Amino acid sequence: MTQHGDPGAGRTNPGWYPDPSWPTVVRWWDGKGWTKHTAPNDAKAPSRRAPRSMLHTIVLTVVIVLVVLGLAGVAFVALVAYGMSQWASNK
Amino acid sequence: MGEQQVNTPSLLVAVRDFVRPAFVFLVVSIALIGSAQAGAAADQRVTFLVAVAILGWAVFAAAPNDVADRAVDRMNLGHTARRPVADDRVPPVVITSVAATSAAASLTASALLSPASLLAAVGGLLCAGAYSFPRSRLAGRGLTTSLFLPMVYVVTPYATGRWSAGLELRADDLLLVVGPYVSFMGRLLLKDFRDEHGDRLFGKRTFLVRHGRRTTCLLSTCAWMVGVAILLVARQSWPLVVAWIPLCLAVIVLLRQVSDDEWGVDDVYRITMIAIAGRATLVSLLADIGLRQVSAPPWAWWLTQVTVVGFSLEAIRRWAVACRANPARLAPWPVPPPLLPGSPAS
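Residue numbers (my numbering), protein chains in the order written: chain A, 1 to 91; chain B, 1001 to 1346.
Mixed in with the good hints, there may be bad ones.
[Claimed, not checked] Cβ-Cβ distance ranges computed for the label pairs, FRET-style:
| id | chain 1 | residue 1 | chain 2 | residue 2 | range |
| --- | --- | --- | --- | --- | --- |
| 1 | A | 40 | B | 1012 | 49 to 57 Å |
| 2 | B | 1209 | A | 37 | 51 to 59 Å |
| 3 | B | 1009 | A | 78 | 22 to 30 Å |
No wet-lab data here; the hints were simulated from the structure. Bear in mind that the values here come from a model prediction, so they are computed numbers and not experimental data. Cβ coordinates follow ideal geometry from the N, Cα and C atoms, glycine included.
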């Protein structure tokens, strides 16, 4: 199987290389040309997004928990105390 | 636990899954009943702080408990994807952050209420930790668990709300704690039906595993009725009698059906309806205390009864959905589960 391009300058040894026409897979280069054998490129390609730092994860978790607690508190105020306070003010 | 990609949506889902709506509704209702007893039913600041304090406590209680019960939850709830720890969806740093943040929020909110509320919150957090942390691990101690857990679930929120105006207790406070405590013991006995399979496999010595369905349902019925009777003595309210008699009758019928259904096919639906009846009981109790406090007109009280009816309709809706999924549930007798290929009777 022949495709346009090669694994790169100086890469003449057989091996798995990113497919020039399909970057999500790696294709077997037998030293002379591309073969029909492919494999997913996920494990070999570096992640586009940098790994989230632990501090970032902690801060994000803290913010989410506080927002959830606050919203739930407001919901209970709206469900219970607001109505009661309206009754109390109309006495 | 392997490496996980933790992004904002997955964190949101994980935090949501640490908030158990039914449990939160229960404990916040009890806390608001306490604050209503303290005369703060219409106080929006107190209501907000009490809700945050108890919700934070509830989330804190869930996090270490999920870690301690990881193996059992994988067996009992693995198919539901509702336990972020059992599903390995969150790394330990997130679990720790959730627990620490919710505990800090609980302590801050209760401290803003009063020193006595802070005392109650500290006690509740310590008990929640003792229930799940490996060294104490009260969760697997049979009778101790049945007595200890309802006490924490009722006393902590009630005391946090009741003491929002200072350390004060009246005679009917004792009844308002003991009533839900006794009823809740009956409710917790039913929780074991859902987890029966995993509990047997892992040797968890629950009451159901040791004494069987009939005894468990009978004890649960007695606990429910005694708890409701205590609350009626505490409130001496005819509207509550009118509201609660149909609920009690429904609970008795449902528990009888659970007792007779040796295959346990419909346990989940029946016990869910019983739990909904329990929440309706608390809502009507809160309404009874709060609306009397603000001298609301009688029709306002009846409006809350519509809420109770709404709970009943929700229970019926769930039942209808279950029946649509499996018409055999409409049968008046227990339906055995389908036989698996290779089982002795097939």
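Hint-by-hint comparison with the structure:
For residue 40/A and residue 1012/B, the hinted distance range of 49 to 57 Å is not satisfied, since their beta carbons lie about 29 Å from each other. Roughly 55 Å separates the CB atoms of residue 1209/B and residue 37/A, a value that falls within the hinted 51 to 59 Å. Remark: the range hint 22 to 30 Å for residue 1009/B to residue 78/A is upheld by a beta-carbon distance near 26 Å.
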